[in-house]
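Engineer: Using the sequences and the hints, build the whole thing.
What follows is each chain in one-letter form.
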Amino acid sequence: MKNKIDVSNIAKETIEVLNYFDEEFISKISKNFLNNLYELSKNSNISVTIDENKNLKDQNISEECKDLLSVLYYRYIATETEKMDIIEIWKSNDILYKNADE
Amino acid sequence: MNEEENERLENLKKFFDSDELIKQTLIDIDPSEKDDYNSESRISYMDRMFKELKSMEFEFLSMCRNFGINPDLIKEKFAQITEKLTNFNYSIGGIRKLYKENFTDLDPQLFDRVERNFFTDKESLDEADLRGLTQQSKTINELLHVFHSYVTYNKENLRSLPVIDKKEHGPNASITLYGEETELAKKIFESFPEELLTGNTEIFGIRNKVIMVIKGRGKELLLDVSKFNDFYATKYFFPGLDGIVSASQIREFGKFDGNGITGVFDSNEEQVVQDLFKFIERVPLDRELVPESKKGKKFSAGELESDIVRKKGKEGRKASGIIKMLELVRAVNKKHDKTQVDEKDPEK
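Chains as they are written, first to last, in numbering that gives the first Met the number 0: chain A, 0 to 101; chain B, 0 to 347.
Don't read these hints as lab results, they were simulated from the structure. Quick caveat: nothing in here was measured; it's all calculated off a predicted structure. Where is the CB? At the ideal position from N, CA and C, for every residue including glycine.
Selected chain A positions facing chain B (in silico; Cβ < 10 Å): (1) Val-6; (2) Phe-20; (3) Lys-30; (4) Glu-38; (5) Glu-63; (6) Tyr-72; (7) Asp-93.
Structural biologist: Right, here's the structure in full:
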């Protein structure tokens with residue numbers, strides 16, 4: 000498990016990116032989770048810059064932040080059918096990633 | 000002041016009088032060692048307890064009558080408490096336990112739920128919430144806190160009070176003083192700094208309390224200034240921006256309770272008004288809550304789904320990375336208070 004500072008940095012980065020999401024997405028995420036994530040982010044000193052002229056995929060955000068955003072999508076937005084589909088994509092990507100390293 | 004406004008003011012005054020009377024009664028029936036000395040003294044104490052319970056029920060029913068609240072809530076609650084007292088077996092040491100468990104205990108989690116439901120920026124309060132919280136109350140003290148908060152922070156009630164005075168504040172706003180012209184309310188109204196930027200501000204004076212609703216700061220800033228013997232306690236709440244507030248803007252404030260920022264600070268008699276204005280100045284203006292750069296740029300769930308969640312290939316999300324992130328999510332959720340039910344994660 001990542002050390003405490005890494006976790007805080009991921010939390011802060013995610014909170015800052017979430018600030019740019021529309022209300023429709025944010026309203027579906029548990030407020031308690033957001034609150035706790037926010038509390039975790041307080042220990043971070045990193046600076047996060049979002050370029051409003053760029054799309055989400057082109058933003059300079061960490062892989063961990065993208066992973067966390069994906070978990071939030073999976074948990075709070077995706078239907079059961081979509082979840083099965085998404086898991087298959089993630090598993091395939093794992094295999095491709097491992098194959099690329101070999 | 001018209002007749003209707005006057006009647007509402009009188010009802011609110013009676014409410015605070017009842018509130019004080021019930022609090023005093025709770026203190027008066029605190030059992031002493033003498034009350035628990037023998038079975039005779041316990042019987043005598045219980046007689047007194049039943050009598051005072053009846054008089055407290057009467058006060059609560061008056062509150063219901065004056066504010067159009069369904070009295071069945073109260074009758075039901077008092078019937079439950081009466082039954083517990085009736086079933087008491089007069090055991091040694093039992094009356095103190097009975098007193099605490101039925102009269103004075105105050106569950107901190109219930110307290111927080113009351114604050115989250117009633118001390119907020121909601122324009123009107125739902126009697127369904129009052130009903131729910133009344134059902135959750137186990138003691139008279141808890142019931143009193145529920146009713147006190149419901150009546151005191153109900154803006155419809157407050158705005159139906161007589162207007163004492165009103166003045167312009169800046170080019171587009173006003174300050175209105177309602178209720179009783181108490182010394183504190185009047186002082187706040189008269190010395191409100193012209194240079195302290197706010198939207199419309201409402202000041203409600205009643206007995207030893209001033210409630211303020213200030214637009215334009217923190218989206219809406221709610222303040223309750225109450226006098227306790229030789230000091231004043233000021234409780235505050237503001238929702239900020241959509242439940243997510245930037246760390247740099249609110250780091251100096253107290254707790255973020257999921258709805259907004261909430262906290263309390265003390266002042267003495269000489270400093271209370273100045274402390275209040277200094278605090279209001281620290282609460283971000285509405286325009287400061289949403290930096291210009293954030294306006295207009297919105298990512299969507301659809302964009303997240305197509306460009307990140309479902310991306311295939313080396314740049315896509317990997318199951319191994321996701322599993323690690325689930326550990327983080329579990330760690331975050333561990334902080335979650337297990338006694339609260341999260342509507343979006345009821346099985347958590």
